[in-house]
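Chains as they are written, first to last, in the numbering used here: chain P, 2 to 297; chain R, 183 to 420.
Source of the hints: derived by calculation from the structure; they are not laboratory data.
Warning: the hint list may mix true and false statements.
[To be verified] Short derived list, chain R residues pointing at chain P, Cβ under 8 Å:
hint, residue
1, R245
2, F275
3, G280
4, R288
5, L319
6, L382
7, T417
In this text, a Cβ means the ideal position worked out from N, Cα and C, and glycines have one as well.
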Amino acid sequence: MSSYLESTARERLARLFDAGSFQEFLPPSSRIVSPHLGQLNAPVAFDDGVAVGRALLDNRPVFVAAQEGGFMGGAVGEVHGAKLVGMLRRAILKAPDAVVLLLETGGVRLHEANAGLIAVSEVMRAVLDVRAAGIPVIALVGGANGCFGGMGIVARCTNAVIMSEEGRLAMSGPEVIETASGVEEFDARDRALVWRTTGGKHRYLLGDCQALVADSIDDFRAAAIAQLETTISPALTLDALEQEQALLAARLENFGHVREPYDLWRTLGVPDPEALPLLEAEAFVALVDSHRLGAR
Amino acid sequence: MDWHTLTAALFPQGASIVEAHQVLTGEGTVGDTTIAVVGTTGHTPIGVDVALAQARFILQTVREHPGRPILILVDTQGQRLRHRDEMLGINAFMAHLGKCVELARRSGHRIVALVYDQALSGGFITSGLMADACYALPHATIRVMGLPAMARITKVPEERLTELAVDNPVFAPGPENYLLMGGIQEIWRDDLSARLIEALALESTGDVRPALGLARGGRVLSQRVIAAILAGQDTLAP
Numbered sequence: 002m003s004s005y006l007e008s009t010a011r012e013r014l015a016r017l018f019d020a021g022s023f024q025e026f027l028p029p030s031s032r033i034v035s036p037h038l039g040q041l042n043a044p045v046a047f048d049d050g051v052a053v054g055r056a057l058l059d060n061r062p063v064f065v066a067a068q069e070g071g072f073m074g075g076a077v078g079e080v081h082g083a084k085l086v087g088m089l090r091r092a093i094l095k096a097p098d099a100v101v102l103l104l105e106t107g108g109v110r111l112h113e114a115n116a117g118l119i120a121v122s123e124v125m126r127a128v129l130d131v132r133a134a135g136i137p138v139i140a141l142v143g144g145a146n147g148c149f150g151g152m153g154i155v156a157r158c159t160n161a162v163i164m165s166e167e168g169r170l171a172m173s174g175p176e177v178i179e180t181a182s183g184v185e186e187f188d189a190r191d192r193a194l195v196w197r198t199t200g201g202k203h204r205y206l207l208g209d210c211q212a213l214v215a216d217s218i219d220d221f222r223a224a225a226i227a228q229l230e231t232t233i234s235p236a237l238t239l240d241a242l243e244q245e246q247a248l249l250a251a252r253l254e255n256f257g258h259v260r261e262p263y264d265l266w267r268t269l270g271v272p273d274p275e276a277l278p279l280l281e282a283e284a285f286v287a288l289v290d291s292h293r294l295g296a297r
Numbered sequence: 183m184d185w186h187t188l189t190a191a192l193f194p195q196g197a198s199i200v201e202a203h204q205v206l207t208g209e210g211t212v213g214d215t216t217i218a219v220v221g222t223t224g225h226t227p228i229g230v231d232v233a234l235a236q237a238r239f240i241l242q243t244v245r246e247h248p249g250r251p252i253l254i255l256v257d258t259q260g261q262r263l264r265h266r267d268e269m270l271g272i273n274a275f276m277a278h279l280g281k282c283v284e285l286a287r288r289s290g291h292r293i294v295a296l297v298y299d300q301a302l303s304g305g306f307i308t309s310g311l312m313a314d315a316c317y318a319l320p321h322a323t324i325r326v327m328g329l330p331a332m333a334r335i336t337k338v339p340e341e342r343l344t345e346l347a348v349d350n351p352v353f354a355p356g357p358e359n360y361l362l363m364g365g366i367q368e369i370w371r372d373d374l375s376a377r378l379i380e381a382l383a384l385e386s387t388g389d390v391r392p393a394l395g396l397a398r399g400g401r402v403l404s405q406r407v408i409a410a411i412l413a414g415q416d417t418l419a420p
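I would like the entire structure built from these sequences, with the hints used as guidance.
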């Protein structure tokens with residue numbers, strides 16, 4: 002069993018999809034690098050921290066992207082974002098069975114500030130365009146850098162999010178919140194609290210992720226195949242969004258006053274919340290499935 | 183600019199807009215057309231509550247007033263930086279807001295946004311940047327974060343960033359730079375009502391921002407990278 006967390010983006014692509022099936026668009030040999038990093042004396046990468054292309058997943062054609070957390074935390078710059086948008090727009094033309102996004106990113110690459118912000122917005126629009134074309138989009142979150150910032154929003158614009166317990170999905174990083182609002186607001190060094198607030202198990206309980214798996218590429222693969230088979234109607238509808246509105250309003254109503262994730266889990270009726278962090282993914286899912294919220 | 187002054191200038195025929203917890207909702211009239219208006223004021227941070235309130239109004243507009251154009255008024259200091267918001271899944275609330283705007287667009291509502299004061303980061307991605315076209319007033323502040331914070335995180339000296347910001351649209355805040363990069367369609371300098379009528383008359387064209395960034399010289403690689411991938415080529419067109 003190989004760890005998803007410890008693998009690089011390209012190792013994930015090689016092992017998660019059918020062997021030898023990944024074909025890259027604008028591969029590193031094209032040497033398209035960031036036009037902005039050089040003037041800051043920051044290193045560049047020949048793939049700008051993301052690989053995009055097509056592959057087979059259980060013999061079905063899919064379009065894919067994998068962000069490399071090892072390069073600038075997987076953050077989105079001009080080229081990185083444009084590669085994602087290019088792949089997503091090409092997916093609309095070629096109609097694969099799904100688009101699978103292996104997200105590991107801090108969000109906007111601050112070295113490319115304004116260009117990164119617009120690029121993330123373009124990725125978000127492109128993901129929704131793919132869904133509108135009837136193609137499901139599936140996001141996988143299990144890298145060491147988590148999935149943050151605008152890309153945390155993008156993840157929730159997909160049809161399904163698959164996470165490992167080690168994966169983190171959120172908007173602002175705990176350090177940013179601690180800096181802005183003080184250590185009593187969010188102690189970024191309290192790793193257990195950080196995990197309870199943004200980790201895969203919490204997101205699964207809230208209904209913000211559809212499948213929770215162990216930190217294994219094989220398990221992510223199996224979950225992605227399962228999602229491929231179950232996502233029937235990818236496009237947005239008024240009914241579905243009104244339902245999401247009601248679910249989020251209920252979440253706010255029921256938990257808006259709660260300060261501690263343990264208390265939120267307790268309110269959900271989960272027995273012995275303090276024991277949840279210790280459970281393996283499979284045992285956790287079996288225990289909480291009747292208690293988790295049903296967003297989406 | 184105060185939102186009362188702003189909406190009076192946008193809607194000389196009259197508007198009925200209310201502020202509740204720094205969220206603006208209501209409608210205004212231009213010619214024979216009623217425009218749904220939604221937005222924020224007081225540089226309010228976009229937390230879970232603010233995102234949900236705006237989403238509710240947009241869904242209600244789609245349900246009750248099919249095809250009615252929507253004007254998004256942007257003034258925010260960015261996403262709310264609180265533990266509570268993160269615990270509740272602020273990214274899910276903001277994505278929901280973005281999806282509601284997208285649904286409205288796909289249901290035939292023209293979506294125009296106007297940055298009339300501040301637009302920052304996450305608060306901007308699911309509002310102004312989701313519109314068919316986003317406009318700005320000349321004195322608007324648009325940015326990802328301030329240069330001091332950017333210097334801390336990127337470990338690039340603030341002096342160097344300040345120097346680069348002088349003539350590099352990527353680092354410098356402000357509507358002019360977002361205009362060059364294609365993120366802002368146009369800056370509205372006068373007669374806001376006339377500008378709004380023009381903007382509402384335009385057709386939705388899909389996301390043309392990468393092409394605008396190339397044409398205006400502020401973001402020269404994005405469109406070429408997209409075009410190369412669409413064409414299945416491994417090199418960029420010159």
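Outcome of the hint check:
1. A hinted interface residue such as R245 (chain R) counts as satisfied when its beta carbon comes closer than 8 Å to some beta carbon of chain P; here the least separation is about 6 Å, so the hint holds.
2. Taking 8 Å as the C-beta cut-off, the interface hint given for F275 (chain R) holds, the closest approach to chain P being about 6 Å.
3. The closest approach between the C-beta of G280 (chain R) and any C-beta of chain P is roughly 6 Å, which is under the 8 Å cut-off, so the hint is satisfied.
4. The criterion of a C-beta within 8 Å of any C-beta in chain P is met by R288 (chain R), whose closest approach is roughly 6 Å, and the hint holds.
5. Given hint, L319 (chain R) at the interface with chain P, is violated; its Cβ is 18 Å from that chain's nearest Cβ, farther than 8 Å.
6. Hint on L382 (chain R) is violated. Least Cβ distance to chain P is approximately 20 Å, over the 8 Å limit.
7. The beta carbon of T417 (chain R) is positioned within 8 Å of a beta carbon in chain P (closest approach about 6 Å), and the interface hint is therefore held.
In summary, the numbered hints that this structure violates are 5, 6.
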